[in-house]
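J.: One line per chain: the protein sequences are L and A, in this order. Anchor point for the first sequence: position 143 equals 248 in the numbering used here, and the numbering is continuous, going up by one each time. Anchor point for the second sequence: position 390 equals 391 in the numbering used here, and the numbering is continuous, going up by one each time.
Hints may contain errors.
As the list claims (entries may be wrong) - Below, computed lysine-lysine pairings styled on DSSO-like, alpha-carbon distance capped at 27 Å:
1) 239/L - 128/L
2) 135/L - 266/L
3) 239/L - 211/A
4) 38/A - 239/L
5) 136/L - 263/L
6) 135/L - 239/L
7) 294/A - 312/A
8) 239/L - 210/A
9) 374/A - 309/A
Claimed, not checked - Residues from chain L that face chain A, not an exhaustive set, calculated with beta carbons under 10 Å:
10) 148
11) 157
12) 160
It should be emphasised that the hints constitute simulated quantities derived from the structure, not laboratory data. Note that the structure is a prediction, hence the values are computed from the model and not measured. Ideal Cβ positions, reconstructed from N, Cα and C, are used throughout, including at glycine.
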Amino acid sequence: MSQTLGALARFANPAELIEAAKKIRDAGYKKFDCHSPFPIHGMDDAMGMKRSPLGYIVGGMTLTGATIGMTLQYWVAAVEYPLIISGKPFFSWQAFIIVTFALFVLFGAFGAVLGMFHLNRLPRLHHPVFYSDKFAKVTDDAFYVSIEAEDEQFDEDKIQKFLSSIGGTDIELLAGE
Amino acid sequence: MSILNKHPQRDSAATEAIGSEELLVTGGHSFSTLTDKVSGIVETQAPPKWYLLFAMAVSGMMVLLGAIGWLVWEGTGVWGLNNPVGWGWAIVNFVFWVGIGHAGTLISAILFLLRQQWRTAINRFAEAMTIFAVICALVFPGIHVGRIWLAYYMFPVPNQMLIWPNFRSPLLWDIFAVGTYFTVSTLFWYVGLIPDLATLRDRATNVRKKVLGFFAMGWRGGNRQWQHYEKAYLMLAGLATPLVLSVHSVVATDFATSMVPGWHTTIFPPYFVAGAVFSGFGMVMTLAIIARKIYGLEDIITVNHLEKMNKIILVTGSMVGYAYMTEFFIAWYSGNEYEFFAFINRALGPYAWAYWIMFLCNVITPQIFWFKKLRRSIPVMFVASIFVNIGMWFERFVITVTSLSRDYLPSSWDYYSPSIWDILTFVGSFGLFFTFFLLFLRFLPMVALSEVKGVMPEADPHHYHLKEGKNGGAK
Numbered sequence: 106m107s108q109t110l111g112a113l114a115r116f117a118n119p120a121e122l123i124e125a126a127k128k129i130r131d132a133g134y135k136k137f138d139c140h141s142p143f144p145i146h147g148m149d150d151a152m153g154m155k156r157s158p159l160g161y162i163v164g165g166m167t168l169t170g171a172t173i174g175m176t177l178q179y180w181v182a183a184v185e186y187p188l189i190i191s192g193k194p195f196f197s198w199q200a201f202i203i204v205t206f207a208l209f210v211l212f213g214a215f216g217a218v219l220g221m222f223h224l225n226r227l228p229r230l231h232h233p234v235f236y237s238d239k240f241a242k243v244t245d246d247a248f249y250v251s252i253e254a255e256d257e258q259f260d261e262d263k264i265q266k267f268l269s270s271i272g273g274t275d276i277e278l279l280a281g282e
Numbered sequence: 002m003s004i005l006n007k008h009p010q011r012d013s014a015a016t017e018a019i020g021s022e023e024l025l026v027t028g029g030h031s032f033s034t035l036t037d038k039v040s041g042i043v044e045t046q047a048p049p050k051w052y053l054l055f056a057m058a059v060s061g062m063m064v065l066l067g068a069i070g071w072l073v074w075e076g077t078g079v080w081g082l083n084n085p086v087g088w089g090w091a092i093v094n095f096v097f098w099v100g101i102g103h104a105g106t107l108i109s110a111i112l113f114l115l116r117q118q119w120r121t122a123i124n125r126f127a128e129a130m131t132i133f134a135v136i137c138a139l140v141f142p143g144i145h146v147g148r149i150w151l152a153y154y155m156f157p158v159p160n161q162m163l164i165w166p167n168f169r170s171p172l173l174w175d176i177f178a179v180g181t182y183f184t185v186s187t188l189f190w191y192v193g194l195i196p197d198l199a200t201l202r203d204r205a206t207n208v209r210k211k212v213l214g215f216f217a218m219g220w221r222g223g224n225r226q227w228q229h230y231e232k233a234y235l236m237l238a239g240l241a242t243p244l245v246l247s248v249h250s251v252v253a254t255d256f257a258t259s260m261v262p263g264w265h266t267t268i269f270p271p272y273f274v275a276g277a278v279f280s281g282f283g284m285v286m287t288l289a290i291i292a293r294k295i296y297g298l299e300d301i302i303t304v305n306h307l308e309k310m311n312k313i314i315l316v317t318g319s320m321v322g323y324a325y326m327t328e329f330f331i332a333w334y335s336g337n338e339y340e341f342f343a344f345i346n347r348a349l350g351p352y353a354w355a356y357w358i359m360f361l362c363n364v365i366t367p368q369i370f371w372f373k374k375l376r377r378s379i380p381v382m383f384v385a386s387i388f389v390n391i392g393m394w395f396e397r398f399v400i401t402v403t404s405l406s407r408d409y410l411p412s413s414w415d416y417y418s419p420s421i422w423d424i425l426t427f428v429g430s431f432g433l434f435f436t437f438f439l440l441f442l443r444f445l446p447m448v449a450l451s452e453v454k455g456v457m458p459e460a461d462p463h464h465y466h467l468k469e470g471k472n473g474g475a476k
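Pulled out of the complex, with its shape left as it was, chain L reads as follows:
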């Protein structure tokens, strides 16, 4: 048995989980998370979380993609390989909108997916919560709260009492092997 990495508590349903989140937030904990099989409406506010910055990442990526698309076509059609086709100007930007748009979407989509992985710090195949055997139910029908030991307020003795006082069951301390 080595050091304690965090604590887990189970709650009965989404409503209880939201109430628990509010109480943990009000108690001043920062490094905690509420685990559920699906996203729960209102949980972001209950946990006191900020808005996801993902939109800025996607916005930046879409503009990058569009710029690359138009520049590529300009360079090919007007600089590297200028050919007169149907009497059109070399830089016939109207015809280049489609490919520009396609790359706008393509880069944006990669921004959304890779940006989400980055913000979620995924892939991360190993995490203290996986030390619990019961935690596996969280992807089925269980609702859990986890508080990390790194949290400033985390106290091994008090945490169990606290989690139980807010209605948690199956409370356990997470410890690595």
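Position chain A against the provided structure of chain L, taking the given hints into account.
T.: Same frame as chain L, but now just chain A:
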């Protein structure tokens, strides 16, 4: 939801009182039984029918590979192409498969933005269908060049000839549009799969757990993850929505920008998009009816879901019918004799048989869905969905072949018939499609579990507050 609040004790009696109309998942499922039901499909031995179908599909794929092999060996002369019909079944099949691919993204992106919660039951396998249909579609532009080792000319890469593609050509737009569509659809599908792969991971052991765990990326279902996840899903839906509408519009410009009577019309892009959604829903319907029967998913993909899809088939089918009539009207109204001839020739000329198959399947068939009884009858909708698939293939055939075979000079007219290799390639592409699709059914959850759970009444925190005060909520 308001009705549910009046019946917070959702036992079986209350379910009946509410009426099955209101619930997306029937049969009194809890989160847990739902997980068991959907995960169980991939965790247990496949039904014998699966092996039979898979053997047939792989045989079909072998036929495709053989037909492509012969094409590469011998050249495009093995196909029934002639002069003037230089675009035959290859483009017909390409447009057919790309069109089918449109339903998946429509369901996953557009219906998501429109908050149509019923989409959750069907979006996973509609998206899978999209990806596999686009793979089938991409085979055709790849092989139709004949000398497939030169296919890289289609991409803007430096090459030994020092030449570059022409970005003013719709055929090049197609490469980018369809390529982007395939990539974005795959990303969307994978993001949707992550929580469900985690569900499978947590039920598995040993090697299976490790493999699933790798692809689930360590998903923990924490709200700090869900927040970014939901945002990413919304962003992808927002990006995919204009994309799905643009892809078939671009395919339509392949035709519309050329000076061929019957093709050179501005109605093509919207008309192609409507047709694509129509054919895609036809295919989703065919597959959904078979899959829910074989795997017993009647509680998740209910008759209500199927009825809603039938309504979309009715709407888009009627739009397609309207487009057929508008084309005729404009051909006459324009006063252009070549254009008018092209349409008279479609309906009364040597390909009239194909035109009327198309018309009956696409315009008349969906009209039966005006009647609620027929809209909710499984045998009726199954037959109708097959008709839609047939009709939409013929639409592309009619557009491509009738216009090319009768262009401006009667001296260059010729009748086109496919060769055996055209037919084998097309039949084989179904083998490729079903091989992928059956593998998907076997190894991945075919229903988006986390999304279906999220639209169940039990997922709403307010569902519990009204139920009893002791949950710490309504105190």
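J.: Give a verdict on every hint.
T.: Hints, verified against the model:
no.	hint	result
1	239/L - 128/L	holds, 23 Å
2	135/L - 266/L	holds, 18 Å
3	239/L - 211/A	holds, 18 Å
4	38/A - 239/L	holds, 20 Å
5	136/L - 263/L	holds, 16 Å
6	135/L - 239/L	holds, 24 Å
7	294/A - 312/A	holds, 21 Å
8	239/L - 210/A	holds, 16 Å
9	374/A - 309/A	holds, 13 Å
10	148	holds, 5 Å
11	157	holds, 4 Å
12	160	holds, 7 Å
Comparing the model with each earlier hint shows no violations; every hint is respected.
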